[in-house]
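Asker: Note that full-length UniProt numbering numbers the sequence shown so that position 46 is 46, with each residue one more than the last.
Please note that a few of the clues may not be correct.
[To be verified] Cut-off 20 Å, straight-line C-alpha distance, at most; resulting in silico cross-link-like pairs (DMTMM-like, lysine to aspartate or glutamate):
1. Lys-296 with Glu-362
2. Lys-569 with Glu-199
3. Lys-563 with Asp-155
4. Lys-539 with Asp-496
Derived by calculation from the structure, the hints in this document are not laboratory data.
In this text the structure is predicted, and so the values were computed from the model without any measurement.
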Amino acid sequence: MTVFDWVSYKLAAQEFKNADELFQHFSDLADRKQQWDFAHWAAFIFESVVKGLFYVLFYPVFAVVELLPPDAGGATQFFVGLLAFIITVRVYLAAGRLFIGLPWRRFLRSLVVRSSPFGKTRWAGFWTLKRAGMFKPGGLFLGEWRGLFGLVRRDLYHHGEAQILTLASPGSGKSAGLVVPNLLTDQPGSFVVNDPSGELTAITRRFRATRGPVVILNPYAGDFTASEQWANLLDDTGFNPLSLIDTGPHLAAECADMARLLMVTINRDQGDYFDIDSVQFLSLVLVHMMLNFPEKERTLGQLFLFVHRTPDEIEKSLVKMVKAGQPQIVPRAKKFLGIQADAPEQWAGVIARVQQAAATYEPLTPLGEHVAKSGFDAADLTRHDMTVYLVCPSQHLRTAQPWLNLMIGALGMAVGRPGPARSVTFLVDEAPALGLLPDLRDMIGQFRKAGLRVWLFSQTRAAFDSIYGRESAAALLGLATITQFFGITEWSVAKDASEMMGETSRANRGLSEGDKTDRDSFSSVGVPLLRPEEIYRAKRGRMVLSIAGIPHPIQARLVPYFKRRTMRKRADLNPYRGR
1 MTVFDWVSYK LAAQEFKNAD ELFQHFSDLA DRKQQWDFAH WAAFIFESVV KGLFYVLFYP
61 VFAVVELLPP DAGGATQFFV GLLAFIITVR VYLAAGRLFI GLPWRRFLRS LVVRSSPFGK
121 TRWAGFWTLK RAGMFKPGGL FLGEWRGLFG LVRRDLYHHG EAQILTLASP GSGKSAGLVV
181 PNLLTDQPGS FVVNDPSGEL TAITRRFRAT RGPVVILNPY AGDFTASEQW ANLLDDTGFN
241 PLSLIDTGPH LAAECADMAR LLMVTINRDQ GDYFDIDSVQ FLSLVLVHMM LNFPEKERTL
301 GQLFLFVHRT PDEIEKSLVK MVKAGQPQIV PRAKKFLGIQ ADAPEQWAGV IARVQQAAAT
361 YEPLTPLGEH VAKSGFDAAD LTRHDMTVYL VCPSQHLRTA QPWLNLMIGA LGMAVGRPGP
421 ARSVTFLVDE APALGLLPDL RDMIGQFRKA GLRVWLFSQT RAAFDSIYGR ESAAALLGLA
481 TITQFFGITE WSVAKDASEM MGETSRANRG LSEGDKTDRD SFSSVGVPLL RPEEIYRAKR
541 GRMVLSIAGI PHPIQARLVP YFKRRTMRKR ADLNPYRGR
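Could you put the whole structure together from the sequences, leaning on the hints where they help?
Answerer: Now the structure itself:
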């Protein structure tokens with residue numbers, strides 16, 4: 001039996017209740033088919049197909065009617081069949097919208113968006129990140145990427161040159177999710193870690209010691225050792241910044257650089273001549289010390305004693321410098337002898353600023369004792385893997401701010417010296433707390449090829465504006481090749497993040513009025529990929545990143561170190577929390 005005979009049988013079965021009548025019907029049909037021409041056959045096939053499709057499509061209606069009891073009246077069969085017919089039609093219409101109308105609208109939307117004049121930014125996907133090498137271990141850990149509703153998870157790493165800016169609110173997980181994980185990984189290179197509370201040092205120093213020498217610069221070590229939970233955790237190696245000065249042919253230039261770092265309160269944009277003269281006088285004293293003082297006395301404590309002499313004693317020292325005839329000293333010494341004699345008010349301003357710069361390192365104070373020791377060679381940062389922790393309790397932060405500033409600048413100078421490039425990463429937590437870093441922008445730009453990577457952490461962007469000025473802060477933060485945002489509580493930062501993520505196109509559906517019917521119409525509009533309010537109200541642990549060289553922004557998650565088994569084994573207890 002052919003398919004058409006089967007369909008005819010199913011249709012005939014609805015008309016003939018008697019088997020003999022049905023058999024006779026098919027016998028007559030077979031006799032007629034032998035005499036048919038092409039037209040008859042075409043009509044028969046068309047009729048069979050139409051009737052077959054009708055029967056198949058509305059089989060639920062026939063099936064429902066057949067389920068009625070035999071004694072059901074005609075009216076009952078009619079209304080039940082009508083209800084089944086309506087339901088069947090509604091189901092087919094819904095299926096048509098789902099499987100035909102929806103794909104068609106999506107196709108139209110894609111055409112509109114593709115030709116849109118607005119932005120076409122989207123979130124970076126798996127293959128974009130893989131091609132960029134973001135899944136390759138061994139670089140700076142930036143967080144965890146998730147795809148396919150969280151089923152696919154990959155850690156994000158950055159290799160090569162990098163200047164990173166992380167903006168996040170207090171308590172949002174910067175230390176646990178970024179700083180500590182990077183200190184507990186096997187990536188090569190040295191680290192300089194700004195750790196005001198000592199927490200990072202206590203957690204990571206044991207593992208870092210397996211990677212290379214560990215140096216703890218902690219002038220106020222006595223504050224920690226007085227507490228039981230901190231006992232023997234944070235000692236002080238000591239470091240004399242003047243040990244970085246090379247007494248070779250570039251002595252004057254290196255002393256000038258060191259003097260500028262010591263005068264950390266200078267705002268060079270103001271062009272105050274007192275500041276310029278103060279730096280020059282301080283540089284003169286440093287050159288004199290490096291040429292004429294015994295090596296053990298070339299310390300900032302001795303600098304303090306020199307500049308705090310009486311005016312007559314300083315004048316006598318300048319006269320001796322001139323008489324000694326050392327070419328690096330004589331011109332400057334004569335200049336300041338003239339200022340002292342002819343412009344006493346100007347001289348008073350110069351000496352006051354120099355004394356202010358040296359006051360931080362007064363002998364017999366914690367900072368004075370610290371800088372009198374030479375506990376390590378800063379050049380080792382570029383020779384092998386080393387970790388340097390800068391520790392300062394919060395109650396001493398205001399006093400020690402010039403020292404922290406000096407350490408960042410001096411160690412940056414050590415990394416930037418000529419020689420083979422080696423990765424040295426500065427993790428600068430709470431960067432605005434260090435105050436003005438006059439050479440930070442130049443250091444980031446000039447020493448990156450030497451391997452210097454600077455990672456700045458801050459709670460707000462406004463803090464940089466207040467310290468550096470809006471234009472200087474914009475120039476500094478503009479050097480960042482990677483910018484992270486999470487836990488944002490500053491609306492202006494949320495707006496900046498939204499703008500940085502870019503704009504995407506959306507198809508706006510409308511209704512166009514025709515002569516007889518209304519039809520759907522689509523037009524493109526530009527909308528932010530991520531609105532400021534979405535960033536402002538993001539769930540804890542959600543972050544967005546913008547990375548130079550990757551065409552699309554990235555959504556990622558913070559992963560605290562204590563949620564990774566390997567990192568938990570490498571980490572020590574947090575003394576503040578006891579776990």
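Asker: Between the alpha carbons of Lys-569 and Glu-199, is the straight-line distance 20 Å or under?
Answerer: holds (17 Å)
Asker: Holds or violated: Lys-296 and Glu-362, Cα atoms, limit 20 Å.
Answerer: At roughly 16 Å apart (the allowed maximum being 20 Å), Glu-362 and Lys-296 satisfy the hint.
Asker: Quickly compare the C-alpha distance for Lys-539 and Asp-496 to 20 Å and report which way the hint goes.
Answerer: holds (19 Å)
Asker: Taken at face value, is the distance from the CA of Asp-155 to the CA of Lys-563 at most 20 Å?
Answerer: Answer holds: Lys-563 to Asp-155 is near 13 Å, not above 20 Å.
Checked against the numbered hints given earlier, this structure breaks none of them.
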